[in-house]
Amino acid sequence: MAHDWQPDFEQLVDEHQSMVFSLALRMTGDRGLAEEIAQDVFLELDRHLGRIESAQHACFWLRRVAMSRSADALRRRKVRRMDQWVEFDEAQSIPAEERHSPLGARLEQLLAALPEPQRAALVLRYQEDLTPEEIADALEAPLATVKSHLQRGLKLLRARAATDLKEYVRGV
Amino acid sequence: MEFEPAEEMEEFEQELRHAFRRQPAPPGLKTRIMALAAVLAGAALWRQREEQRKGEAARQQVLTALRITSHALNQMNRQLAAHDRASQE
Chain A
1 MAHDWQPDFE QLVDEHQSMV FSLALRMTGD RGLAEEIAQD VFLELDRHLG RIESAQHACF
61 WLRRVAMSRS ADALRRRKVR RMDQWVEFDE AQSIPAEERH SPLGARLEQL LAALPEPQRA
121 ALVLRYQEDL TPEEIADALE APLATVKSHL QRGLKLLRAR AATDLKEYVR GV
Chain G
1 MEFEPAEEME EFEQELRHAF RRQPAPPGLK TRIMALAAVL AGAALWRQRE EQRKGEAARQ
61 QVLTALRITS HALNQMNRQL AAHDRASQE
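Taken in order, these protein sequences are the chains called A and G. Going by the numbering used here, the residue at position 81 of the first sequence is 81; the numbering climbs one at a time, nothing skipped. Going by the numbering used here, the residue at position 72 of the second sequence is 72; the numbering climbs one at a time, nothing skipped.
Same shape as in the complex, but just chain G (with noise of 0.2 Å):
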């Protein structure tokens, strides 16, 4: 293997640092990822909210089912009372 001098070595890496650094971001491009960011995150509140919103949905639909059977059966109910009194009587 050759012998590389550090001082040689040094001075390449000090070369690297310079030709490497880092480069403006376009123009423009944080822009782009604000209105992107924004436009992902209405989504995601538009998706939220038609998710309450069906789910509120299905609960209307839940309580309505809930009041119609309690209808059902407090008519029931009192069918079978003027059975019983009609029977004691």
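Excised from the complex, chain A in its bound form (with noise of 0.2 Å):
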């Protein structure tokens, strides 16, 4: 179907490489694997900008894409046991200026410790603040299956950081 909107690469990659980053970053908790990561995935888009037909559609594009690269990427790792878990190390991962207080930082490392399918629907759903049809979508993953991982992930997480963070978590 033809489109009006002109896609600019340069652009593209201004407007979305944090989020790309972010995703990659979180999904595996290694900063340089994430870097290249973002690499491929804006690489891939230039091959199909043909394809991208709005700036949203772009977005949407770059999101599942980024998903998507940094499962393979976990996958390829086979990190520790039978889930994919990361070692969010936040000293390593994230230069001093950017660095989280001591809450943001031990929830990025709780984050991290969930299984990957949790842990893939919860940053969709704080960092880039999708409805969890949207993040059915970008994960091409069934909606029940989405609000099940999200529920679960949300629990895991609070209950971990009520036995971790107490002096944060008012009421434990």
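Careful: at least some of the hints might be erroneous.
These stretches of chain G come out as covered by chain A in the derived footprint (C-beta under 8 Å, 3 or more residues) [what the hints assert, rightly or not]: (1) 13-22; (2) 56-66.
Partner residues aside, some chain A positions facing chain G, computed with beta carbon under 10 Å [stated by the list, open to error]: (3) D14; (4) L43; (5) A144.
Quick caveat, the hints were computed from the structure, so don't treat them as lab data. Just so you know, even glycine gets a beta-carbon here, dropped at the ideal spot from N, CA and C.
From these two lone chains plus the hints, build me the complex, please.
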């Protein structure tokens, strides 16, 4: 179908590099690998630019491919045990000037310890502020599965945060 | 199942939104992406030109072969015509 939108590759890189890099970083916990993934995702976008129909489509496409490439990278790396857990080392992963509060840093670590499907759903929910329907589209997963991952992931994260961070969580 | 007060959960979700905000891309990432894209575009253009060059060379070979064939047929035609004329005389 014909479309009027003219994609500008450089502008798309400018606008979305932080999103793509952050998704890959939170999924892999490895800054170097996240950078490689971001590079590959944008080069793939360059090859598929003719099929991108709008700015929204570009954003959706980048999110989907970033998540899928991150999952591929994790599978290739076959990290610890049966689950694709990642070791999120804040000191190594994030430059000093960009580091979070102690609570934020701990939440990043707790997120990294979640199973991959739950982590993916939570990253899209809280980093990208997507609805469960949008997450299902981005991950190409059934809505019920996504809702279940969100619920379980959030519960697990909350329970671990409550244990670890009593000083930050009221009522515990 | 434990009851989770909605207010507390909302507060926790806000904390997550804050903790999981986007990280700035590393300096130089965009430059590297643009440079790699330019190299790949250059390679693709070279491949395309190489294909065109090979295609053109093949076309010239076919034309040469056709010219040789045409020349040979003309020669044969002339010989046949001369033979016909000789037999009529």
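Comparing the hints with the structure gives:
1. 13-22: With 9 residues close enough to chain A, the hint holds.
2. 56-66: violated (count 0)
3. D14: Holds, about 6 Å.
4. L43: holds, 6 Å
5. A144: Violated: closest Cβ of chain G sits about 19 Å from A144/A, beyond 10 Å.
Checked against the numbered hints given earlier, the structure breaks hints 2 and 5 and satisfies all the rest.
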